[in-house]
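Participant: Listed below, chain by chain, are the residues.
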Amino acid sequence: MKTRLGLSLFAAVLIFFLCAGYLARALSSESPGCVKCHTDEQILKSLYTPPKLGPSEGEG
Amino acid sequence: MYKGFMVDKSILGKDIHFDEGCGSCHGGNEKGVTKETAHRGLVTRPSNQADTCGKCHEDIAKPFKTSLHFTTEGQRHGVSGRFSHKELKTFNEKVFEKSCRTCHASCGDCHVKAPVIGGINTGLIRGHRFVRKDEGKTCALCHGGRVYPEFTGEYGGNADIHYQKGMICVDCHKKEGFHGDGTTILRTRKEVKERPRCTHCHPPGEAKTEKAQVAHKTHSGKLSCYACHAGGSYRNCYDCHLGKGATAKPGFVLGLNPRDKKTVTTLRIIPTVRDTFASAGIAMEGYDRLPNYWDAAPHNIKKRTERTRSCDVCHEEKKDFLTKELLLKNGSKANEGLVYTPKSIAK
Numbered sequence: 001m002k003t004r005l006g007l008s009l010f011a012a013v014l015i016f017f018l019c020a021g022y023l024a025r026a027l028s029s030e031s032p033g034c035v036k037c038h039t040d041e042q043i044l045k046s047l048y049t050p051p052k053l054g055p056s057e058g059e060g
Numbered sequence: 001m002y003k004g005f006m007v008d009k010s011i012l013g014k015d016i017h018f019d020e021g022c023g024s025c026h027g028g029n030e031k032g033v034t035k036e037t038a039h040r041g042l043v044t045r046p047s048n049q050a051d052t053c054g055k056c057h058e059d060i061a062k063p064f065k066t067s068l069h070f071t072t073e074g075q076r077h078g079v080s081g082r083f084s085h086k087e088l089k090t091f092n093e094k095v096f097e098k099s100c101r102t103c104h105a106s107c108g109d110c111h112v113k114a115p116v117i118g119g120i121n122t123g124l125i126r127g128h129r130f131v132r133k134d135e136g137k138t139c140a141l142c143h144g145g146r147v148y149p150e151f152t153g154e155y156g157g158n159a160d161i162h163y164q165k166g167m168i169c170v171d172c173h174k175k176e177g178f179h180g181d182g183t184t185i186l187r188t189r190k191e192v193k194e195r196p197r198c199t200h201c202h203p204p205g206e207a208k209t210e211k212a213q214v215a216h217k218t219h220s221g222k223l224s225c226y227a228c229h230a231g232g233s234y235r236n237c238y239d240c241h242l243g244k245g246a247t248a249k250p251g252f253v254l255g256l257n258p259r260d261k262k263t264v265t266t267l268r269i270i271p272t273v274r275d276t277f278a279s280a281g282i283a284m285e286g287y288d289r290l291p292n293y294w295d296a297a298p299h300n301i302k303k304r305t306e307r308t309r310s311c312d313v314c315h316e317e318k319k320d321f322l323t324k325e326l327l328l329k330n331g332s333k334a335n336e337g338l339v340y341t342p343k344s345i346a347k
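Residue numbers (the working numbering), protein chains in the order written: chain Z, 1 to 60; chain X, 1 to 347.
Don't take each hint at face value.
Claimed, not checked - Quick look at which bits of chain X chain Z covers, simulated, 3 or more residues with Cβ under 8 Å:
#1 28 to 36
#2 183 to 192
#3 272 to 281
Claimed, not checked - In silico DSSO-like pairs for lysine-lysine, Cα to Cα no more than 27 Å straight-line:
#4 Z:Lys-36 / X:Lys-217
#5 X:Lys-343 / Z:Lys-36
#6 X:Lys-217 / X:Lys-14
#7 X:Lys-31 / Z:Lys-36
#8 Z:Lys-45 / X:Lys-9
#9 X:Lys-14 / Z:Lys-36
Claimed, not checked - Simulated restraints on C-beta separations:
#10 X:His-200 / Z:Glu-41: 25 to 31 Å
#11 X:Ala-280 / Z:Asp-40: 42 to 48 Å
#12 X:Asp-260 / Z:Leu-47: 41 to 47 Å
#13 X:Trp-294 / Z:Leu-47: 53 to 59 Å
#14 X:Gly-78 / Z:Ile-43: 45 to 51 Å
Hints were generated in silico from the structure; no laboratory data involved. All C-beta atoms, glycine included, are put in the ideal place defined by N, C-alpha and C.
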């Protein structure tokens, strides 16, 4: 029992650190959110909403 | 198109502009995982605040605040002569910031992404590179009502000789003019010191043929280069009403330059009419102080035009010269001062 609990605790901690490490790396690298979507054609295509056209004047 | 929002991966990590992350210019929430959460607090046009770039380009961002592209002061100056003091105040409060100022250029409009015109956003110029210039995607959009299509021949007729020779906007218009000099807030394009002039590149007396030499010498100080070398009709705009825009028609008019009342040049009808600002409660008490025609710089230059071919087109036929009869109906009284008839030179 004891060892098993110890083991699962170890596993949990290990998993936690692995994840945290991943998260930290992800966050420290240059803005994962922005870069991920803005460099991926498929993602961007799916998120794109065409603009509504309104009146406007140019300078000429 | 979504493609206009694609950032070229290969420049990240290489271009110093991205070293501090997207958020350093765009704000937003870099930890957001959905579009909505990531875009919370997003600044879509960061260089509208020139200081964003001024962190590193202070030498440009500071003087930029005095440039015409930033202030659009030219538009205010152009009409303010028609206003009383009180009307100017109303104009400043109700019209200028909401209407004229909205088409001012940000740094990014010339260096990062194509400006939005008529609701159409074509997006980043080259995958978010910070380009020195790309006239077809920058100048062309804001100046697409007349200058750019005139220059490239898209309105019909031949393209400007300079375009045919491979020149484009920034070969004549220099950055100093766009970035401003920082000393005084410019009011008109004539105050731009570095503005291009034909004679910078074509000094008097350098024409190869006798014909050109004579034509040039005889008219020095009397005629602008455009009067003979403008290749044909250029755009004139009529009947502008606040919020509704104006109507454009091609035309060609010769008369006195309203700025000096001595040189004959190509004139362009400007669209300010008596009730342009009526909806804002501005009657323009001084409407008649300024004319409805201003000196034009048509970007459709040619070496040979009907006017370089024949002296008679002007001196005998007096073709396209502004006459009292041709003046705009219900136009400004100041228009009359621009009417001009050349003398006959027939022996």
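Participant: Hint by hint, note whether the structure agrees.
Facilitator: The hints, checked one at a time:
no.: 1; hint: 28 to 36; verdict: holds (count 7)
no.: 2; hint: 183 to 192; verdict: violated (count 0)
no.: 3; hint: 272 to 281; verdict: violated (count 0)
no.: 4; hint: Z:Lys-36 / X:Lys-217; verdict: violated, 65 Å
no.: 5; hint: X:Lys-343 / Z:Lys-36; verdict: violated, 71 Å
no.: 6; hint: X:Lys-217 / X:Lys-14; verdict: violated, 55 Å
no.: 7; hint: X:Lys-31 / Z:Lys-36; verdict: holds, 12 Å
no.: 8; hint: Z:Lys-45 / X:Lys-9; verdict: holds, 16 Å
no.: 9; hint: X:Lys-14 / Z:Lys-36; verdict: holds, 17 Å
no.: 10; hint: X:His-200 / Z:Glu-41: 25 to 31 Å; verdict: violated, 46 Å
no.: 11; hint: X:Ala-280 / Z:Asp-40: 42 to 48 Å; verdict: holds, 47 Å
no.: 12; hint: X:Asp-260 / Z:Leu-47: 41 to 47 Å; verdict: violated, 56 Å
no.: 13; hint: X:Trp-294 / Z:Leu-47: 53 to 59 Å; verdict: violated, 46 Å
no.: 14; hint: X:Gly-78 / Z:Ile-43: 45 to 51 Å; verdict: holds, 46 Å
Going through the hint list in order, the structure does not satisfy hints 2, 3, 4, 5, 6, 10, 12, 13.
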